[in-house]
Amino acid sequence: MTIIPKIKCPRCSSSKLYKFGKDPYGYQKYQCKLCKRQFAPFSPQTPRKLKGYPKCPKCGKATFIHHDYKHYTRYRCCDKKCNHAFSIVKANAVGNASCQNLFGKTNFKRMRFPLHVIITALN
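Just so you know, we're using this note's numbering here: the sequence shown kicks off at 208 and counts up by one.
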């Protein structure tokens, strides 16, 4: 029988514990026999990583990704009463302007339309 060091449950302060495997970082986990809480007392505390989702513009609460499309992401409010949905355009979705493709071209022979018609169509 292994002797568990003097560790107490962080929830109920009970010393009735048993070993319950290891956490993802390899530290020993324990489970309380009374409240069934699992914890690893010697694991270094890491701050909780929050996702960079925007807040709801209507009520200010958290949002989740409702749909993730190629050119934009659609978010929805977590509050069931609000249920506001909004979209944010992705930065890499906007391509170069079509007039930027003309700068490298120097030969305008054999074009179907005259050059001034093409330039006015691009503007």
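Careful: at least some of the hints might be erroneous.
Simulated pairs of lysine-lysine, BS3-like, Cα-Cα distance not exceeding 25 Å [stated by the list, open to error]:
1) 268 to 288
2) 229 to 215
3) 277 to 297
4) 236 to 215
5) 316 to 288
6) 297 to 265
7) 226 to 236
8) 258 to 243
9) 243 to 262
10) 240 to 213
11) 226 to 213
12) 262 to 288
By construction, these hints were calculated from the structure, which means they are not laboratory data.
Here is what the structure says about each hint:
no.: 1; hint: 268 to 288; in the structure: 11 Å, holds
no.: 2; hint: 229 to 215; in the structure: 17 Å, holds
no.: 3; hint: 277 to 297; in the structure: 8 Å, holds
no.: 4; hint: 236 to 215; in the structure: 12 Å, holds
no.: 5; hint: 316 to 288; in the structure: 63 Å, violated
no.: 6; hint: 297 to 265; in the structure: 21 Å, holds
no.: 7; hint: 226 to 236; in the structure: 6 Å, holds
no.: 8; hint: 258 to 243; in the structure: 29 Å, violated
no.: 9; hint: 243 to 262; in the structure: 35 Å, violated
no.: 10; hint: 240 to 213; in the structure: 15 Å, holds
no.: 11; hint: 226 to 213; in the structure: 13 Å, holds
no.: 12; hint: 262 to 288; in the structure: 15 Å, holds
The structure fails to meet hints 5, 8, 9 from the earlier list, while all remaining hints are met.
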